[in-house]
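Enquirer: Put the complex together from the two separate chains, hints included.
Heads up: the sequence lines are chains A and B, in that order. Just so we're aligned, residue 117 is where the first sequence starts under my numbering, counting upward by one. Just so we're aligned, residue -6 is where the second sequence starts under my numbering, counting upward by one.
Mixed in with the good hints, there may be bad ones.
Unchecked claim - Here are some chain B residues pointing at chain A (derived, C-beta under 8 angstroms):
1. Arg29
2. Ala96
3. Val99
4. Lys190
Just so you know, the hints here were simulated from the structure itself, not pulled from any lab data. Positions of the beta carbon are idealized from the N, C-alpha and C atoms, including for glycine.
The lines below spell out each chain.
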Amino acid sequence: MIVTLARIIKFGWKSFTRNGLLAVSTISIMILAALVFEGLILFNVVGKSAIGAIQEKIDISVYFKSNTPEDTILNLKKSLEQLDEVRDVQYVSKDKALADFKVRHAGEDTVSQTLEELDVNPLLASLNVKAKDPTQYGAIAQYLGAKRLADVTEKVTYAQNQVVIDRLVAFMDTMRRAGITLNVFLALLAVIVTFTTIRLAIYSVSDQLQIMRFVGASNSFIQGPYIVEGVFYGIIAGVVSFGFMVPIINFASPYILNFIPEIHIANYLQSNFFALFGYQLLFCTGLGIISAFIAIRRYLHA
Amino acid sequence: MIIFQNVTQVYNHSTVALDKVSFKVQPGEFVSIVGRSGAGKSTVVKLLIGEERPVKGQVFFGSYEVNKLKSHEMPEFRRHIGVIFQDFRLLSKKTVFENVAFALEVAGRPQKEIIEYVPQVLDMVGLRDKMGNFPQQLSGGEKQRVAIARAMINRPDVIIADEPTGNLDPFNTWEVVKLLTKINELGSTVLLATHDKEVVNAIGQRVITLENGKVVKDEENGRFIIG
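Bound conformation, chain B alone (with noise of 0.2 angstroms):
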């Protein structure tokens, strides 16, 4: 379960991105934060994934007190989590293959498992073919895709989403709200920032709406509307 308790984050000492957010995010669940950009949909991936820590507030991950962690514990905890970014973020000097299998290896996973295991997945985002390719050989939805195999490959408790389909045409667009919700339905939480209504409304799942960095809407079932 993922929990967020009246966190509160500030930048530069003034500029408020987060205030007194609070919300439950029950195992299983695919969860759409939405809102304007600069409402601080990131602002949760980064507090969510420990890349920052709030000004005040807790954050929970299952077990574990995410403001409390200290450095020498957030790799073990992030392999409980899958990101996937906007901008991609593959290992350029790395293949296609080599991406996916970096998150088993840094897990100490045996060998025999991720030769067997990484071309799974790769058939599943529909690139087995391109297991050899750098991601400079790749389109946008393809990296996206190579993205969101490395953040399931490890089967994580979460896959976190920001902006996924940001840089990406319709087509890709879809591509990756597919698969998505076919790591949601195999039993993963998937937590999706976005600022794009219609793959929100699309999903009809929960949304919890930001504005100003507070929460001013939490619906199952909702939909992407800022007044």
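So here's chain A without its partners, still in its complex pose (with noise of 0.2 angstroms):
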């Protein structure tokens, strides 16, 4: 049983060795293939990042009108927390909010002149919600609008940006979908053309396959090396595109930061490094090892 592996892995590597062109041509596309998977993995990441980051800025927030005392809003807000929808609320005190506008509008002198004109502070508190899930929203505004809390609540921010909030909320499910299927049909297109090649490959020997049955080789010998040719295959095709991918990645990581400051994926690369660089080994091995098998099964029983 190890001298038939041993032998095995013998031929699997003597036959890698010795197809030079063909060797080049199934690593390149291979090497593409799992271009396309790497890519697929970050593009999840950016999209995941690009998605959070949206929905971190959507909240919605309820003004209380400026005679509503403190306890009541803070027994609301401990009613909010308890909703199944809801993941935090923040509340806002009358001061603070005068204190976060001024600092806002610091340095305008206008505003500054009306305020100290004024000798009540125009500023209503607020909780502003946020929900677990931006579909709830809805939900958590019903419950804000409900009759007995009409005489203390001022108005419901929901309400006016209502369109805007189920438009990213649409668009953003959209975007799921579409990058679901994109990468569906993606690593579909890269594994049937990685397929392909090594079965034109196989096809190319498949009269060396009959010689080998004629001397007596059972199937294990005669599929046995070009699962081990289909690993060497992977092995080098996953290191290579790795290599490419490291650099790529580094020039790309600043623009994109640019564009979403909360995606810095050089750093998610140097973060998950083993591990980005396991499932690219796992995935042209499984690529290689996969193909070879099934390419190779149809000349066993001819």
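Expert: Written out as structure tokens, the structure is:
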């Protein structure tokens, strides 16, 4: 058994080293497939981060009438926090709202003078509510618009932003679906192209497989070396494609960072270096093994 | 012993390649199967090595009923037979040494034995100095001698040669015939399918003549005569 396995590996290695041009062309195709695969992983990461960043910017604010006691607001905050749909509730008191306003308008003399002329704080206390899922803002708005709260609430911003929020939610949903479809399509395309290349490579030596059968080689002896060869193709394609990917990511990272500040793809690569490299190797060797296995099967029973 | 018992083979439901063919070959015999192209010589070879199954009849090889062998039983069975083809059928990406060693490797023989035995057999066929060459670096005669070395390395019970001299010049033809005769003298049964009249007549052993898929003559010390 060990002798057979050692011989299969030896045959696979020799065949790999002697199939120069064929090996180069097969590995090149696998590299392209691996780049698509790695690109898809990164596309997912960037897409998710971008969607997350947009989601983070969506919230719903409820403003309270100026005479609403703070206890009432804090009670409402507690009850909101108990809702399944709610991720986070921030209380902004009248004083905090005024302080924030002043910071925002520092250096604007007209605004400062107007505030000084007023005896009372004109700003309203508010609660900023973030939902776990952007589709749940409707339900939260409904809760806040209930008649029992009509006496204390001045306005709920959802009504004003509803169209924008709904469009954003629909856009994100479309992006997610398009991303999944694109991923599946490109991954399938890469696998088909690689599989066809390996199948053609094996087809070109199909007469050799028949010779092996006449000499008394068992199926594992015929199939094994080609699978081993597929592993070698996969390892090289995985290493080379990852070698291409690293400088590309480092080059593109600052540009992506300018576009979406939350996404630091170079950092992502650094912290997930071994995992990404492992995925790449696994994808390439898996592709090599499965393609060789399927491609050669048809010649084994001929 | 090889036994063909009322073997019929039909291609495409209508072309009869063999029609109720029966014959026996005793261990150690040298039998030439002769006939024109299309007479059924290659079909006999294909049935014997299990490449095809007959439509009717039985093919026996020792204790094996070849027509009933399952695909997973074929490799073990084929290690008892050495096959030589007109087009050599060498593994193009393997050297001469590796081509011959391959037959031992698939049989699971130890490496020590392979290293010792392959050069000896290559010596017998006069190719010891070309062990490291690839098939494309050899002449037709040399390729066929590699094929013979590969066929005989396992010390098979039977050597089957299907038109082994078909692609060779007269000099190499006689080299191959000499080697086959030598293998037979060493104890292996040899089955030679050929349409080379001179070769058959020079060997002067048993001749089975096929015509339109039927055995028309089976003679000890026969000659290649087709009317």
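Enquirer: Does each hint hold? Answer for all of them.
Expert: Here is how each hint holds up against the structure:
Proximity of Arg29 (chain B) to chain A is violated relative to the hint, the smallest CB-CB distance being about 25 angstroms (cut-off 8 angstroms). The closest approach between the C-beta of Ala96 (chain B) and any C-beta of chain A is roughly 5 angstroms, which is under the 8 angstroms cut-off, so the hint is satisfied. Against a cut-off of 8 angstroms between C-beta atoms, the interface hint on Val99 (chain B) holds, since the closest Cβ of chain A lies about 4 angstroms away. Hint status for Lys190 (chain B) relative to chain A: violated, with the closest Cβ pair at about 27 angstroms, above 8 angstroms.
Of the numbered hints listed earlier, those contradicted by the structure are 1 and 4.
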